[in-house]
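> This is what each chain is made of:
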Amino acid sequence: MKRVGVLALQGGWAAHLRALRDVGCEPVEVRRAEQIDALDGLILPGGESTTHLLLIERFGLRPALDAFVASGRPVLCTCAGLILAAKAVHHPDQDSFGWLDVDVARNAWGRQVHSFEAHADGADLPLLFIRAPRIERVGPDVEITARFEGEPVMVRQGNVVGASFHPELTPDRRVHRALFG
Amino acid sequence: MEKSTFEAKVGLAEMLKGGVIMDVMNVEQAKIAEAAGACAVMALERVPAIIRRDGGVARASDPAMIKAIQAEVSIPVMAKCRIGHFMEARILEALEVDFIDESEVLTPADEAFHIEKHDFKVPFVCGCTDLGEALRRIGEGAAMLRTKGEAGTGNIVEGVRHLRTVHGHIRKLTRMPKEELMTEAKNLGAPYELVVQVAREGKLPVPNFAAGGIATPADAALCMALGAESVFVGSGIFLSSDPERRARAIVEAVTYWEDPKKLAEISTGLGEAMAGTEMGKLGEDEKLAKRGW
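Chains as they are written, first to last, in my numbering: chain H, 1 to 181; chain L, 1 to 293.
If you are wondering where the hints come from, they were derived from the structure by calculation, not from laboratory data. It cannot be assumed that every hint is accurate.
[Said to hold, decoys possible] When the alpha-carbon atoms are kept at most 20 Å apart in a straight line, the in silico SDA-like pairs for lysine to any residue are as follows:
{"hint": "1", "chain 1": "L", "residue 1": "Lys3", "chain 2": "H", "residue 2": "Glu149"}
{"hint": "2", "chain 1": "L", "residue 1": "Lys203", "chain 2": "L", "residue 2": "Ala185"}
{"hint": "3", "chain 1": "L", "residue 1": "Lys203", "chain 2": "H", "residue 2": "Pro171"}
{"hint": "4", "chain 1": "L", "residue 1": "Lys262", "chain 2": "H", "residue 2": "Glu34"}
{"hint": "5", "chain 1": "L", "residue 1": "Lys262", "chain 2": "H", "residue 2": "Glu57"}
{"hint": "6", "chain 1": "L", "residue 1": "Lys31", "chain 2": "H", "residue 2": "Glu151"}
{"hint": "7", "chain 1": "L", "residue 1": "Lys67", "chain 2": "L", "residue 2": "Asn26"}
{"hint": "8", "chain 1": "L", "residue 1": "Lys203", "chain 2": "H", "residue 2": "Arg58"}
{"hint": "9", "chain 1": "L", "residue 1": "Lys262", "chain 2": "H", "residue 2": "Ala108"}
{"hint": "10", "chain 1": "L", "residue 1": "Lys262", "chain 2": "H", "residue 2": "Phe59"}
{"hint": "11", "chain 1": "L", "residue 1": "Lys67", "chain 2": "H", "residue 2": "Ala178"}
{"hint": "12", "chain 1": "L", "residue 1": "Lys3", "chain 2": "H", "residue 2": "Ala108"}
{"hint": "13", "chain 1": "L", "residue 1": "Lys67", "chain 2": "H", "residue 2": "Gly110"}
{"hint": "14", "chain 1": "L", "residue 1": "Lys67", "chain 2": "H", "residue 2": "Pro92"}
{"hint": "15", "chain 1": "L", "residue 1": "Lys262", "chain 2": "H", "residue 2": "Arg111"}
{"hint": "16", "chain 1": "L", "residue 1": "Lys262", "chain 2": "H", "residue 2": "His91"}
{"hint": "17", "chain 1": "L", "residue 1": "Lys290", "chain 2": "L", "residue 2": "Phe113"}
{"hint": "18", "chain 1": "L", "residue 1": "Lys31", "chain 2": "H", "residue 2": "Glu57"}
{"hint": "19", "chain 1": "L", "residue 1": "Lys67", "chain 2": "H", "residue 2": "Trp109"}
{"hint": "20", "chain 1": "L", "residue 1": "Lys121", "chain 2": "L", "residue 2": "Arg161"}
{"hint": "21", "chain 1": "L", "residue 1": "Lys67", "chain 2": "H", "residue 2": "Arg111"}
{"hint": "22", "chain 1": "H", "residue 1": "Lys2", "chain 2": "H", "residue 2": "Asp37"}
{"hint": "23", "chain 1": "L", "residue 1": "Lys261", "chain 2": "H", "residue 2": "Arg31"}
{"hint": "24", "chain 1": "L", "residue 1": "Lys203", "chain 2": "H", "residue 2": "Leu17"}
{"hint": "25", "chain 1": "L", "residue 1": "Lys31", "chain 2": "H", "residue 2": "Arg111"}
{"hint": "26", "chain 1": "L", "residue 1": "Lys121", "chain 2": "H", "residue 2": "Leu17"}
{"hint": "27", "chain 1": "L", "residue 1": "Lys31", "chain 2": "H", "residue 2": "Pro92"}
{"hint": "28", "chain 1": "H", "residue 1": "Lys87", "chain 2": "H", "residue 2": "Ala64"}
{"hint": "29", "chain 1": "L", "residue 1": "Lys261", "chain 2": "H", "residue 2": "Arg58"}
{"hint": "30", "chain 1": "L", "residue 1": "Lys262", "chain 2": "H", "residue 2": "Arg31"}
{"hint": "31", "chain 1": "L", "residue 1": "Lys3", "chain 2": "H", "residue 2": "Phe59"}
{"hint": "32", "chain 1": "L", "residue 1": "Lys186", "chain 2": "L", "residue 2": "Met176"}
{"hint": "33", "chain 1": "L", "residue 1": "Lys261", "chain 2": "H", "residue 2": "Gly60"}
{"hint": "34", "chain 1": "L", "residue 1": "Lys3", "chain 2": "H", "residue 2": "Thr170"}
{"hint": "35", "chain 1": "L", "residue 1": "Lys31", "chain 2": "H", "residue 2": "Arg58"}
{"hint": "36", "chain 1": "L", "residue 1": "Lys67", "chain 2": "H", "residue 2": "His91"}
{"hint": "37", "chain 1": "L", "residue 1": "Lys3", "chain 2": "H", "residue 2": "Pro92"}
{"hint": "38", "chain 1": "L", "residue 1": "Lys172", "chain 2": "L", "residue 2": "Tyr192"}
{"hint": "39", "chain 1": "H", "residue 1": "Lys87", "chain 2": "H", "residue 2": "Glu151"}
In this text the structure is predicted, and so the values were computed from the model without any measurement.
With these hints in hand, go ahead and build the complete structure from the sequences.
As structure tokens, then:
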């Protein structure tokens, strides 16, 4: 059984644990750097990216996360996770890790009253956006795997997948199954 | 596209889990809270301890201060309205705050009825002291709950009581045979369908945070250990001697609540906590947790 870690510093990690169980993985709550290398896969969940950045920095998790991504094992970054994984972040500008060659704008659909549910273009994949970021630029080596109203909402570059929506909060398990199943 | 569904409302509550929501009284404090790692701020003109000291009617904040904070931080901004005051709530919704707290900390506007919260696009959080109150609020449309504790006292004893009461009752429901649940719903004063759901799932249908009296990282960790999914800190940060360090420490304690060695490091050298109030010194009419029906 694959052991897949979910970074559990703050935010929507609990729903990812349930999704991983649904696709037959053993989920692991990750809070310490020394847990990371032993995993078969990793998820950076939603939540507040500013909070995640501070805790990753303060508790020295960054080198182990970078090493895990470089090892080629599958990594899923949702919402705030996508913001951390991007090359550049705007609205406002903030640090990020550059695992995905995309630029994102935070909270770009508006405040919470504008959060919404929809389906991906030409597909029945459910999309739940919560104060979601928008992917503003996609690099040449990045594949767009889902769109909404023409805009990219899920992207893949090598072993790293980034989604601006929350696949863990809808019952559809295809995103988790494709990466970790 | 369907905006502001109940799933989207509860979704934001899910994203706030494991984070700290801090009361802030101005832009400067909001920036300190964000820099310390708060997952959201609650914009209000007076923290509960100051409301207690000043007395008088406590109302929703001036839109100008809420807008100023929204302009300066990127994290969610919440604001409080009075219990039952759906026009204050409409104004807060028009300001596009990210969550409305229908709060016992402000002076109630209605002594019989809470706001019908399904009618709003913005999600609501409400206080509770027991399971019946929690399920009534969810029945009205709350997307998140917080145990009330006793706000503005710096004393965790009531928060502990409310967490133990709610979670004890949930455990009791999970052991009940189905035929007892209707009478239990009657006794709780709670919607039957929600009682059945809690009995089946062993947890509340929406996230529950702790509030009221959290003054130290250890207080926050205690609430997490008692089943809270995160904490609201009101007076405890900005009435302490070193708000920046204390805010940071409480954020860290909520993440590492299961690691006493880390908690010991986190709790070191934070300066003076806010002065607290012993419950015996509060008159019955001074207890805010009794507000709510």
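> Next, verify each hint and record whether it holds.
Each hint, compared with the structure:
1. Of the pairs offered as hints, the one joining lysine 3 of chain L and glutamate 149 of chain H holds, with about 15 Å between alpha carbons and a cut-off of 20 Å not exceeded.
2. Of the supplied pair hints, the one linking lysine 203 of chain L and alanine 185 of chain L holds, its CA atoms being roughly 16 Å apart against a limit of 20 Å.
3. Taken as a hint, the lysine 203 of chain L and proline 171 of chain H pair is honoured in the structure, with Cα atoms around 19 Å apart against an allowance of 20 Å.
4. The straight-line distance between the Cα atoms of lysine 262 of chain L and glutamate 34 of chain H is roughly 15 Å, inside the 20 Å bound, and the hint therefore holds.
5. Proposed proximity of lysine 262 of chain L and glutamate 57 of chain H is supported: the alpha carbons are some 15 Å apart, at most 20 Å.
6. Distance restraint check for lysine 31 of chain L and glutamate 151 of chain H: the Cα-Cα separation of roughly 32 Å exceeds the 20 Å cut-off, and the hinted pair is therefore not satisfied.
7. Taken as a hint, the lysine 67 of chain L and asparagine 26 of chain L pair is honoured in the structure, with Cα atoms around 11 Å apart against an allowance of 20 Å.
8. Between lysine 203 of chain L and arginine 58 of chain H the CA atoms are separated by roughly 32 Å; this puts the pair beyond 20 Å, and the hint is violated.
9. Note on lysine 262 of chain L and alanine 108 of chain H: the hinted pairing is violated, with a Cα-Cα distance of about 36 Å set against a maximum of 20 Å.
10. This hinted pair checks out: lysine 262 of chain L and phenylalanine 59 of chain H have alpha carbons roughly 10 Å apart, not beyond 20 Å.
11. Note on lysine 67 of chain L and alanine 178 of chain H: the hinted pairing is violated, with a Cα-Cα distance of about 43 Å set against a maximum of 20 Å.
12. A C-alpha spacing of about 15 Å is found between lysine 3 of chain L and alanine 108 of chain H, which places the hinted pair at or below 20 Å, so the restraint holds.
13. Restraint check for lysine 67 of chain L and glycine 110 of chain H: satisfied, since their Cα atoms lie roughly 15 Å apart, inside the 20 Å limit.
14. The hinted pair formed by lysine 67 of chain L and proline 92 of chain H meets the criterion: a straight-line CA distance of about 17 Å does not exceed 20 Å.
15. Pair hint lysine 262 of chain L plus arginine 111 of chain H does not hold up; C-alpha atoms about 35 Å apart against a cutoff of 20 Å.
16. About 34 Å separates the Cα atoms of lysine 262 of chain L and histidine 91 of chain H, which puts this hinted pair outside 20 Å; it is violated.
17. Between lysine 290 of chain L and phenylalanine 113 of chain L, the direct Cα distance comes to roughly 14 Å. Compliance with the 20 Å bound is thereby established for this hinted pair.
18. This hinted pair checks out: lysine 31 of chain L and glutamate 57 of chain H have alpha carbons roughly 19 Å apart, not beyond 20 Å.
19. A hinted pair counts as satisfied when its Cα atoms are at most 20 Å apart, and lysine 67 of chain L with tryptophan 109 of chain H qualifies at roughly 18 Å.
20. A threshold of 20 Å between alpha carbons decides the hint, and for lysine 121 of chain L with arginine 161 of chain L the separation of about 32 Å lies outside it, so the pair is violated.
21. The straight-line distance between the Cα atoms of lysine 67 of chain L and arginine 111 of chain H is roughly 13 Å, inside the 20 Å bound, and the hint therefore holds.
22. At most 20 Å may separate the alpha-carbon atoms for a hinted pair to count; lysine 2 of chain H and aspartate 37 of chain H meet this at roughly 13 Å.
23. Between lysine 261 of chain L and arginine 31 of chain H the alpha-carbon distance is near 14 Å, which keeps this suggested pair within the 20 Å criterion.
24. Between the alpha carbons of lysine 203 of chain L and leucine 17 of chain H the distance comes to roughly 16 Å, so the proposed pair stays at or under 20 Å and holds.
25. At most 20 Å may separate the alpha-carbon atoms for a hinted pair to count; lysine 31 of chain L and arginine 111 of chain H meet this at roughly 18 Å.
26. For a cut-off of 20 Å, the pair hint linking lysine 121 of chain L to leucine 17 of chain H is broken: about 29 Å separates their Cα positions.
27. This hinted pair checks out: lysine 31 of chain L and proline 92 of chain H have alpha carbons roughly 13 Å apart, not beyond 20 Å.
28. This hinted pair checks out: lysine 87 of chain H and alanine 64 of chain H have alpha carbons roughly 18 Å apart, not beyond 20 Å.
29. This hinted pair checks out: lysine 261 of chain L and arginine 58 of chain H have alpha carbons roughly 16 Å apart, not beyond 20 Å.
30. A hinted pair counts as satisfied when its Cα atoms are at most 20 Å apart, and lysine 262 of chain L with arginine 31 of chain H qualifies at roughly 12 Å.
31. Distance check on the hinted pair: lysine 3 of chain L and phenylalanine 59 of chain H sit about 37 Å apart at the alpha-carbon level, beyond 20 Å; violated.
32. This hinted pair checks out: lysine 186 of chain L and methionine 176 of chain L have alpha carbons roughly 14 Å apart, not beyond 20 Å.
33. A C-alpha spacing of about 16 Å is found between lysine 261 of chain L and glycine 60 of chain H, which places the hinted pair at or below 20 Å, so the restraint holds.
34. For a cut-off of 20 Å, the pair hint linking lysine 3 of chain L to threonine 170 of chain H stands: about 15 Å separates their Cα positions.
35. For a cut-off of 20 Å, the pair hint linking lysine 31 of chain L to arginine 58 of chain H stands: about 19 Å separates their Cα positions.
36. About 17 Å separates the Cα atoms of lysine 67 of chain L and histidine 91 of chain H, which keeps this hinted pair within 20 Å; it holds.
37. A threshold of 20 Å between alpha carbons decides the hint, and for lysine 3 of chain L with proline 92 of chain H the separation of about 24 Å lies outside it, so the pair is violated.
38. Between lysine 172 of chain L and tyrosine 192 of chain L the alpha-carbon distance is near 15 Å, which keeps this suggested pair within the 20 Å criterion.
39. Between the alpha carbons of lysine 87 of chain H and glutamate 151 of chain H the distance comes to roughly 18 Å, so the proposed pair stays at or under 20 Å and holds.
Hint violations for this structure: numbers 6, 8, 9, 11, 15, 16, 20, 26, 31, 37, all remaining hints satisfied.
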